[in-house]
Each structure stands twice: as structure tokens, then as C-alpha cells.
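Assembly of the complex is requested from the two constituent chains, each provided in isolation within its own frame, with the hints serving as guidance.
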Amino acid sequence: AQRVTQPEKLLSVFKGAPVELKCNYSYSGSPELFWYVQYSRQRLQLLLRHISRESIKGFTADLNKGETSFHLKKPFAQEEDSAMYYCALSGLGGSEKLVFGKGTKLTVNP
Amino acid sequence: GAGVSQSPSNKVTEKGKDVELRCDPISGHTALYWYRQSLGQGLEFLIYFQGNSAPDKSGLPSDRFSAERTGGSVSTLTIQRTQQEDSAVYLCASSLGPKGAQYFGPGTRLLVL
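Protein chains in written order, with the working numbering: chain A, 1 to 110; chain B, 1 to 113.
Honestly, the hints are just simulated from the structure, not real lab data. Ideal Cβ positions, reconstructed from N, Cα and C, are used throughout, including at glycine. Take every hint as true, because none was put in to throw you off.
Taking CB as the label site, the calculated pair distances span:
(1) N52(B) with K15(A): 45 to 55 Å
(2) K15(B) with R3(A): 28 to 38 Å
(3) K57(A) with P61(B): 27 to 37 Å
(4) Q80(B) with K15(A): 48 to 58 Å
(5) K57(A) with A54(B): 31 to 41 Å
(6) S87(B) with Y39(A): 19 to 29 Å
(7) S87(B) with P18(A): 35 to 45 Å
(8) K15(A) with V12(B): 35 to 45 Å
Within a straight-line C-alpha distance of at most 30 Å, the following computed DSSO-like cross-link-like pairs (lysine-lysine) qualify:
(9) K102(A) with K57(B)
(10) K11(B) with K102(A)
(11) K22(A) with K99(B)
(12) K9(A) with K65(A)
(13) K102(A) with K99(B)
(14) K105(A) with K11(B)
(15) K73(A) with K102(A)
(16) K9(A) with K11(B)
(17) K99(B) with K57(A)
(18) K99(B) with K73(A)
(19) K99(B) with K105(A)
(20) K105(A) with K9(A)
(21) K99(B) with K9(A)
(22) K15(A) with K105(A)
(23) K65(A) with K99(B)
(24) K102(A) with K15(B)
(25) K99(B) with K57(B)
With the rest of the complex left out, here is chain B (with noise of 0.2 Å):
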């Protein structure tokens, strides 16, 4: 079956503007999770939902990010005036359920510049 998918696969936008990255997680997985990948920090938890419990926000950077999940699959995060440190690969993984293995989408390349 279709695996984990994102768009869009590369992102350029200006410092300031607000960007969405979009995630279409595993038909039947109830949790997905935004991680986000960058040169110097590594691979890094931004935000978890698991069916309709309110999310795991703890890691959202700052409250410039926010996500959400609509209709328990499609997930969508937003970057509001983005800066230049948002630049990274932003990776979207979803499981069957809390306790199962994650599977990765191939991520969003985002450039601010």
C-alpha cells in the first residue's frame, strides 16, 4: 500500500511569509508525528496527535509553528513569518497506534531565505 506522503517535496520561500506543509499519513495509522531534521540540531520532535486527544505540542519551537489534523488523517503544519533557522527538512511519520513502529514520509525541504 501507499506509504507516508508529503508535499511539497521542496519549499522556497522569503523570511517573513508563512509557509504549509502538508502530510498524508498511512490510511488506518491514528498517530502521526512532525519531526523536523537540520544541520546542526540533528532530528528534532515538534508535534504528536494520537486519534482525537489533544495533541503533544512540546515541541514546537516557538509559537510561530502550530499544526493541525483534520478529520483524524491529513495533517498540515504551519510556519507563520518564517525565518531563516526554520530552514531544514521537515519529516512527517504516522503509526498504527502509539505504541507501534513509525514510518516516515520523504519530507519537505524548506529554504528561507
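Same shape as in the complex, but just chain A (with noise of 0.2 Å):
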């Protein structure tokens, strides 16, 4: 069964410090993973997907296949960072639909 997990409902930290949104994934075959974040009053929008390998607004994902993870890191937090983030997961072949873990919110503290 598809499933992704976000084991931190919320996270907060201060501006400067790092910061690590863990993603946890379970796929039987080889899935496509994203990050998409919702900042207040917003909608939904891509922050990154693994196959682009790119930095988006300072953040990275690497996708480690071996203990099924996509955590979202960022070395210096801004207060603008401040949002709900989801990981989510599809298949690379057939119907693309996406599988959301429950999302973390972050808080980004001056």
C-alpha cells in the first residue's frame, strides 16, 4: 500500500537555525517524490520534486531509497518559511494521482 508519513504535526525553530521536515514513504515499486507547501491564506504550490533535483527558496530533498525517506532540509530558516508543508508520493507509470502524508507546520520564530 502507498502510504507517506510526516511523523512532526508542527515544528518550530528560530530564524537562522536549520531546519529538517522528515518524510517517510512506503511504495512497492519506484515512486516519484514531492514536497508542496501551503503558506497561510494561499494554496498549494510544488516546492520540489526528487526527479528535478533542484534548491527551491534555499530548500533541498534527497531521496534515499534505502530507508525510504525524503526529508526537506534548509541550512539557514527565513521567518517567511513559516507554512504547512506535505510530502507526497506517485507512481512513475499509470494514473499520477498523489498520496499525501498529513503535513507539518512549520514555524519560523524571530
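This is the structure in C-alpha cells:
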């Protein structure tokens, strides 16, 4: 069964501190992994996808197939990073519906 | 260009009534998805349309839920005989193709009294 687990519902850090949002997944084939972000009163938007291997707004995420993880990291958090973050996966073939984790609310304090 | 739009933005209805939610995808996007976001369940997939293929309805929670996509563009999600547990934010997303990044609309917040 496809499942995405984000163990932290809430995460609070101070500005300038490193931040890591954890994501673990369960999938029988080869998934594609994503991070989506939802800022206050804005729509859900794509932050990263693992096949792009890019850094957006200073965030990076590496797919670790051995640990079935796709943790999101940023070395120096900014106040504007405060938002809900969702990890999601889809299969690499067929219907590309997304399976989402429950989300982590990140608060970056001044 | 314009993003995915949804209407209405908010809908309050009485238990037992039918509701229709509309989604206008990004022009040229062949894939369209409906998701539901609720406090208890998080974000759940409902239904997926891709071109002229038969839709993937595997996420619809009951036969009270149905959706159609006319002309490969606009989609309507219909909930018949609404129940209080249907209260949620209904999100629509579209992508250029089945492997494309999904772009989300602002959602329709449904409240069933």
C-alpha cells in the first residue's frame, strides 16, 4: 500500500537555524516524491520534486531509497518559510494521483 | 497566465441537499484531479481525468460522489444527499500530462449543516 508519513505535526525553529522536515514513505514500486507548501491563505504549491534535483528557496530534499525517506532541509530558516509542508508521492507510471502525508506546520520565530 | 480556478469559493448547504463544485483547469492541461482536504483525513485523492481515457474513480468515498469533465476542460464534482462528514475543502489540480507537476486551485470550502 502507498503511504506517506510525516511524523511531526508541528515544528518550531528560530530564524537562522537549520530546519529538517521528515518524510518517510511506503511504496511497492518506484515512486516519485514531492514536497508541496501552503502559505497562510494561499493555495497549495509545488516546492520540490525529486527527479528535478533542484533547490527552491534554499530548500533541498534527497531521496533515500534505503531508508525510504525524502526529508526536506534548509540550512538557515527564514520567517517567510513559516507554512504547512506536505510530502507526497505518486507512481512513475499510470495514474499520477498524489498520496499526501498529513503535513507539518513549520513556524520560524524571529 | 491564469491558474486553476474553482467556484464557488465557499458553499454552505443543508444535510441532504445536492451540491456542484466547479473547476477550470489551466488551458492546455490534459490531466485534472480532485482532492479533498479535511481535518481528520488530510489530503485525499478523489478522481483523476486524463484526456479521453476513462477516469480513475478509485478515490471517491461513496456513490453519492460523481464527477465529469466536459470537452476535456471544465470539470464538475457533484455530491448528492450531502452529509455532515462531507464538510471539507475540495481541491482541484491540473497538469500538462500524467507525469507533469500538478497545479492546484484555491479550493472550495464546503460546510454541510
